[in-house]
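Chains as they are written, first to last, in UniProt numbering: chain A, 1 to 405; chain B, 1 to 405.
Because the hints were derived from the structure by calculation, they are not lab data.
A couple of the hints might just be wrong.
Claimed, not checked - As a list, the in silico PhoX-like pairs of lysine-lysine whose alpha-carbon atoms are at most 20 Å apart: (1) K249/B x K192/B; (2) K192/A x K93/B; (3) K45/A x K252/B; (4) K50/A x K315/B; (5) K45/B x K315/B.
As the list claims (entries may be wrong) - Pairwise CB distance ranges, derived in the manner of DEER restraints: (6) Y334/B x L391/A: 55 to 65 Å; (7) S44/A x L15/B: 29 to 39 Å; (8) R59/A x L15/B: 46 to 56 Å.
Stated by the list, open to error - Computed footprint of chain A on chain B; a stretch qualifies when at least three of its residues, placed anywhere within it, have a C-beta under 8 Å from a C-beta of chain A: (9) 4-15; (10) 22-28; (11) 76-84; (12) 244-255; (13) 308-318; (14) 335-341.
Please read all numbers here as calculations on a predicted model, not as lab measurements.
The C-beta atom is built at its ideal place from N, Cα and C for all residues, glycine as well.
Protein chains: 2
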Amino acid sequence: MNRFGLLCTRCAARLPFRYSDMKCTCGGTLLVDYDVEQIGRSFSKETVSKRYPSMWRYRELLPLTQDEAIVSLGEGWTPLLRMHGMEKKLPLKQLWVKREEQNPTGSFKSRGFSAAVSLLKEAGAARAAVPSNGNAASALAAYAARAGIPAYVFIPQDCPPLIVQECIQYGASTYLVDGLIHDAGAIIEEGKHEQGWVNVGTLKEAGRVEGKKTMGLELAEQLGWKFPDVIIYPTGGGSGIVGMWKAYKELKRLGWIDGDMPRFVCVQEEGCQPIVDALSAANHTAGEEHRTAPSPTGMRVPQPPDLELLLAIVKESGGTSIAVSRSDIQDASYSLGSLGVSASPEGSATWAGLTALCDSGWIRPEDTVTLFNTSHHMKYTDVRLSKQPPLIRTYADFLLHSKNL
Amino acid sequence: MNRFGLLCTRCAARLPFRYSDMKCTCGGTLLVDYDVEQIGRSFSKETVSKRYPSMWRYRELLPLTQDEAIVSLGEGWTPLLRMHGMEKKLPLKQLWVKREEQNPTGSFKSRGFSAAVSLLKEAGAARAAVPSNGNAASALAAYAARAGIPAYVFIPQDCPPLIVQECIQYGASTYLVDGLIHDAGAIIEEGKHEQGWVNVGTLKEAGRVEGKKTMGLELAEQLGWKFPDVIIYPTGGGSGIVGMWKAYKELKRLGWIDGDMPRFVCVQEEGCQPIVDALSAANHTAGEEHRTAPSPTGMRVPQPPDLELLLAIVKESGGTSIAVSRSDIQDASYSLGSLGVSASPEGSATWAGLTALCDSGWIRPEDTVTLFNTSHHMKYTDVRLSKQPPLIRTYADFLLHSKNL
């Protein structure tokens with residue numbers, strides 16, 4: 001066998017590697033499967049520790065044949081920030097924030113698209129297309145630009161304008177869609193043969209899950225080759241959850257880490273909570289229906305491409321899913337801001353989820369918890385300021401204003 | 001002598017270390033001066049190479065007494081991106097972009113404020129204030145929030161709203177000033193005793209230059225402990241130029257690198273070009289006056305705090321200064337975008353400067369050049385899209401629009 005092939009997550013069929021069309025005949029999702037035993041003979045924690053800090057330090061666990069095909073913009077090895085003050089308050093053994101917004105395109109999507117576009121380049125793909133709530137679109141736009149591959153991005157029309165502008169800036173053919181992300185996906189599926197598009201949507205090709213996997217590898221390495229007890233992750237299509245779960249399976253097969261997998265918590269926004277709803281239904285405790293209109297963030301994915309797989313991972317890990325409200329997210333963004341961290345709505349949602357799960361006792365004081373801040377706050381910033389700062393000309397003006405406060 | 005003290009850049013007076021009030025009685029700027037011989041006995045390239053990739057890996061060359069005082073949000077060790085395609089086009093031996101926008105506050109200012117706020121924390125300072133074109137304000141806001149120190153930021157009223165919102169988000173007392181950055185500075189100077197503010201403005205305290213210095217240290221390490229031939233840097237107050245020059249002096253004193261210092265190029269925007277003007281005057285070749293209204297970017301500093309020092313560094317290094325137009329900057333931002341790099345106006349200005357200096361022959365094909373992209377493009381994004389993408393509902397809509405292109 002080659003260093004890697006494909007394995008169906010539903011029927012366990014094994015197939016030779018291909019970079020796109022990840023649906024098995026049984027309907028399950030195909031994921032890259034490595035010959036971990038072979039890899040483990042020459043790949044060790046020590047090897048990794050000496051390499052340059054980027055997601056490509058885990059090269060052996062990424063499905064590329066030729067190094068020359070790597071399309072990199074400086075992705076990965078993002079900071080893991082400890083929040084000592086909050087540990088005492090909640091309390092928690094350890095609380096960490098993984099700052100994924102410090103990637104080249106301002107979001108965690110850089111990782112998946114570095115891997116995916118590298119595969120496109122290796123395969124000589126002519127054109128790439130993606131349906132996206134925004135950050136996947138701008139990441140495809142950037143990496144495709146770097147690789148010289150034309151990119152077509154399809155985004156719901158209420159996507160924050162800054163992210164739309166990002167796609168334009170990178171030169172992508174940019175389309176706003178009168179609908180949601182699955183409507184955008186349908187357009188690509190209909191046109192892909194005629195247009196020669198490779199659909200780089202969630203779970204449609206081999207690279208994105210593998211790239212996202214490096215978030216999990218990195219987190220384990222940054223914690224001294226340990227798993228945290230709980231990972232709280234803002235979940236839309238869920239390729240990050242699939243990727244990190246896969247990362248930890250591989251680390252266990254490599255024998256690099258023993259012990260329990262982290263409990264994965266999927267955070268969603270009330271009004272678009274398919275994972276929460278499905279888990280509640282399975283438990284026969286379906287709660288109230290929250291059908292407020294969800295915000296246009298990366299979490300707004302009403303039809304995850306493989307909900308069954310996500311549910312299996314969350315359950316197997318002993319995890320859960322929680323929906324938080326738009327106002328909880330807003331409050332959380334100021335809470336994180338007041339601690340010096342600029343968090344996107346998605347990252348803020350993990351904070352809101354954390355406080356709720358600490359309150360309910362699901363997260364315990366002896367837990368080590370990692371939150372994922374997946375994107376920059378500013379991508380979602382409304383240009384209308386949340387309050388108008390005073391306009392002054394002199395120190396006397398300052399005094400006047402501060403007295404009036 | 002202690003591990004560090006202060007040295008006047010004008011009269012060479014030596015003083016004991018203090019963290020604020022960096023003006024010598026002679027009027028020169030005081031900078032931190034290290035006992036490099038003592039430090040070099042236990043601090044080596046090998047020591048550094050084994051440390052965590054952050055700006056604090058150069059701990060011995062940062063002026064903090066207690067490690068516990070370090071205020072960190074995950075700053076430094078930003079990617080250095082090679083631009084192979086452009087090397088062939090220009091041509092150049094090597095072209096690199098240092099992606100400083102991948103810092104915690106979306107700009108290079110994180111470094112200076114990590115160091116400066118650490119010093120404030122060590123000294124027990126009660127309140128900090130800064131005059132800023134925006135990114136220094138948001139960096140102070142973030143690091144002060146992390147340290148629990150109240151921050152007061154004073155910004156020209158035409159600062160991009162996203163950056164103003166960032167300061168609010170981090171909880172800083174935010175003031176818009178009817179004037180330019182030096183007017184903001186005057187307000188702080190007038191009020192600092194009454195308000196108990198430490199002025200963290202450019203060259204007003206010891207930390208920011210030292211933090212910025214790590215850009216230079218990192219660049220040298222990432223190039224395999226070599227200097228590039230040319231550094232092109234968008235220059236406002238110029239503490240980055242002072243910091244990198246100081247970094248390279250220290251590396252030479254440590255014996256870690258031999259050979260010529262890089263030629264420093266200060267890029268400014270036409271209409272606010274005090275360094276360009278001063279160098280032209282000194283050469284008795286004063287060109288045309290360009291007095292268009294400069295954009296509200298970090299380069300708009302009509303009165304650099306120590307112009308004399310900047311000029312001395314540029315001249316000593318064999319460097320130069322160049323002013324580029326607003327439309328050159330705009331074009332350069334799309335050029336970089338089409339290569340997958342999101343560049344702020346300041347970063348784009350270095351690209352415009354590069355192409356001009358290659359055209360004029362000042363930069364030669366055998367040169368290795370590094371550009372500094374100091375901030376995220378999106379901080380300056382106008383929410384009015386540069387073009388309105390088509391709105392579609394179906395693949396048929398897509399076909400209709402693509403035919404009309």
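Going through the hints against the structure:
1. K249/B x K192/B: Violated. K249/B to K192/B sits at ~34 Å, over the 20 Å cutoff.
2. K192/A x K93/B: violated, 41 Å
3. K45/A x K252/B: Distance ~35 Å between K45/A and K252/B Cα, so the pair is violated.
4. K50/A x K315/B: violated, 39 Å
5. K45/B x K315/B: Given that 20 Å is the threshold and the Cα spacing comes to 29 Å, the pair is violated.
6. Y334/B x L391/A: 55 to 65 Å: violated, 33 Å
7. S44/A x L15/B: 29 to 39 Å: Roughly 51 Å apart at Cβ, these two residues miss the hinted range, so it is violated.
8. R59/A x L15/B: 46 to 56 Å: holds, 51 Å
9. 4-15: violated (count 0)
10. 22-28: Violated - the stretch 22-28 of chain B has 0 residues with a Cβ nearer than 8 Å to chain A, which falls short of three.
11. 76-84: holds (count 5)
12. 244-255: As far as the stretch 244-255 of chain B goes, the hint is violated, because 0 residues have Cβ atoms under 8 Å from chain A.
13. 308-318: violated (count 0)
14. 335-341: holds (count 5)
The structure does not agree with the numbered hints 1, 2, 3, 4, 5, 6, 7, 9, 10, 12, 13 stated previously, though it agrees with the rest.
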